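Sequences listed follow chains P and F, in order. Take the first sequence: its position 89, counting from 1, is numbered 88 in numbering that gives the first Met the number 0, and each next residue is one higher. Take the second sequence: its position 82, counting from 1, is numbered 81 in numbering that gives the first Met the number 0, and each next residue is one higher.
One should not assume that every hint holds.
Here chain P is said to cover these stretches of chain F; the calculated rule only asks that three of the stretch's residues, wherever they fall, bring their Cβ under 8 Å from a Cβ of chain P [said to hold, decoys possible]:
no.: 1; stretch: 122–134
no.: 2; stretch: 162–170
no.: 3; stretch: 400–414
Keep in mind the hints are simulated off the structure, nothing from the lab. Here the structure is a predicted model, which means the values were calculated and not measured. Here a beta-carbon is modelled for each residue, glycine too, at the ideal position from N, C-alpha and C.
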Amino acid sequence: MSLVKLATSALALSVLAATAAAARDQVQIAGSSTVLPYASIVAEAFGDNFDFPTPVVESGGSSSGLKRFCEGVGENTIDIANASRSIREKEIKACAEAGVTDIIEVRIGYDGIVFASPIDGPAYTAFQPADIFNALGSKVLVDGAIVDNPHSQWADFNGDLPAADILAFIPGTKHGTREVFEDKVLLKGCEVTGAMEAMMAAGLSEDDAEDTCIDVRQDGKSVDIDGDYTETLARIDANPNGIGIFGLAFFENNQDKLKVATMGGVAPSTESISTGEYPVSRPLFFYIKTAHIGVIPGLKEFASFFVADEIAGPEGPLSAYGLVADPELTVTQAAVANETPLGSK
Amino acid sequence: MTETTTTPSASPPKKSSLFVLDERTRKRNAAETRFRMYGITAISVGLVFLVLLFTSILRSGIPAFTQTVVKIEFVLTKEQFDKAESKMLKTGEYQNIFVNALIGQLEARNLDVNVDSKSIKRIVGKPGGMIRSFFLENPDQIGTPVSFEIVASSRVDGYFNGRVTRDTLVDTRFLKASDLDLVDALQEADIIQGAFNWNFITGTDSGVDNPGGAGLGASVIGSFFMMLVVLFLSLPIGVAASIYLEEFAPKNLWTDLIEVNISNLAAVPSIVFGILGLAVFIQFAGLPQSAPVVGGLVLTLMTLPTIIISTRASLAAVPPSIRDAALGVGASKMQAVFHHVLPLAMPGILTGTIIGLAQALGETAPLLLIGMVGFVAREYPDGIASGFMDANSAMPAQIYTWASRADPGFYEKAWGGIIVLLLFLITMNAIAVILRRRFERRW
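Chain P on its own, in the form it takes in the complex (with noise of 0.2 Å):
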């Protein structure tokens, strides 16, 4: 019976081995979790508007994204990265030097960050930068010294805050999410505060100063959270004292049972993010292969649909879940068209 099986198996391997040579002839896109979403919805309005398959998008985050991107031109690897920050110096030469010149870079908008809370937890309704780094940061300022940070309860610091168990649940380190918030909330707040100065009159250099601002702390009131923002929702349902970072849209989903704070005096909103009043957002980026389009059949018409006025505009489904429209958009509808890759501006 085993040796009946055997040959068969053995004949269907060489049968996928003779199909695999069949060429691909739908787009293949990874990278960012936050922009999944925006392509996921992308794609499938390009699946049910045009004749092209539609297209796979993958999850696993930016870095991930774009070593795979990285990794060379062909059929094997894929044709779009996404990114939630643009891709950097070291990313474009290991590109090229696996041959993956002329990258296009797309903008597709912009994503808000923000601080919510339970609904009935307590009143955490203002934050400033600075309120974030007393709480959080490994090492803060207290009457003119730099010392390991003491502060337990967020009343500790601001009177205005509640006197509340500080806990936050933080995105980890492999989300691009966590670089801007270290950059826009845990640098500011050590500036703002004087910490920085005060650890660069202690000796430190500016990056070293800087390193040792957006570290955070270690003793358990600062959780890394390396899954969705899924997760970051089931903790702070569990410890309703915990604050937690969200995407603006993923708040927006939620708002039966989170409540958001200010940041800066700010509300988060669309609007007070494409006007960059409101201080922590970012923008979101694709990266497209040159040398796969006109390979792989619908690569381009999906660029191009990803960033026209009904898909990406500020009345598109993309806003309507909760992106912010990037004011400059015909810049990039004309850098898609005219196929302008990294660098030739």
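Please arrange chain F on chain P, whose structure you already have, making use of the hints.
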């Protein structure tokens, strides 16, 4: 379970009676009673957790099997069709046509509520794709009245199944409290109603703004093709390897080393096989990304040690007298194994295989790395070859994807998907139990 007796037997001390328990016997009996209590407590705690788990799965997952539909009949004219097809976002135009048709019918019925296109758009989900594909497939229906059942938006659905209530609803651009009045009026007019969600079982994945359109069907097919690969590779390879190791291989350092390593392989975390799959099958061998065949190959590697270990155990359980008898009447070693030992070991082998398959069916981690997690299971395969080679997801990967999406409607779908996956696993395990009960022989 072995028989235990509670009454002490054997020789009593000289001065005591058989009918009066002495101190030591009482202590022993008390210890035994305590042990039984511990056992019962342990089982009850386990049962409580099981019941909790099942009730929470069922409570969260059942709503995924129902949906709220807006039922209306309307006519699409040839001009409307041509105009919509000439646009870039055709589905958006179909949605507008549908919304306008619905508003027209509501006004004709003179309902006592405000009807405006924005609130209608918030109530209906994303009907454009469905309407377009219907008319593309049935062009002869253009110009005639067609009855449609359009899935309502996820929050209206939540209102019907109790997830969204008037107290918890916060006015957002997704749904406003005033829309609920319109929903109530529509329900009274029998335009909006609950229905069984067949699409959840047969449909494909949908974009994050369209939870009503999401279904598990395509990923079930993906899982099926993966299981085919696993079955047809791991069963013959596993059985052949175990027969050789158990019956023919000399006992030396090499075979010992192989045995130890098979046991080690069984304990390797599954994500490691995913990394291996990415490096070997996709980057080196050039197989396509996100394809069930790669998923199947990776899961085969993961299942092989399980099958080898269980097969060897069932071969070893066949008494040596069977082999000796076969050899004694002149059978060759191979005849003894294939005519006598293997048939007797078959029930155990099948059980081990099914349990290995069930384990592989529920595995997500290795699939993360070979591109089967994300917005993948959008299209059904066209045929057998495409089923193996075209991008698809698998049930656990689909559940994982849904659970990470922002809309609470998808969270519900994830729980519903867990129910379906559990049904598959329970069925497979039940088959394994039945096979074992029917064919197992004891000596």
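Structure-based check of all given hints:
1. With a cut-off of 8 Å between beta carbons, the stretch 122–134 of chain F has 4 residues touching chain P; three or more are needed, and the interface restraint holds.
2. Interface restraint, the stretch 162–170 of chain F with chain P: holds (4 residues with C-beta to C-beta distance below 8 Å; minimum three).
3. Note: the stretch 400–414 of chain F has 8 residues with beta-carbon separation from chain P under 8 Å; the three-residue rule is met and the coverage holds.
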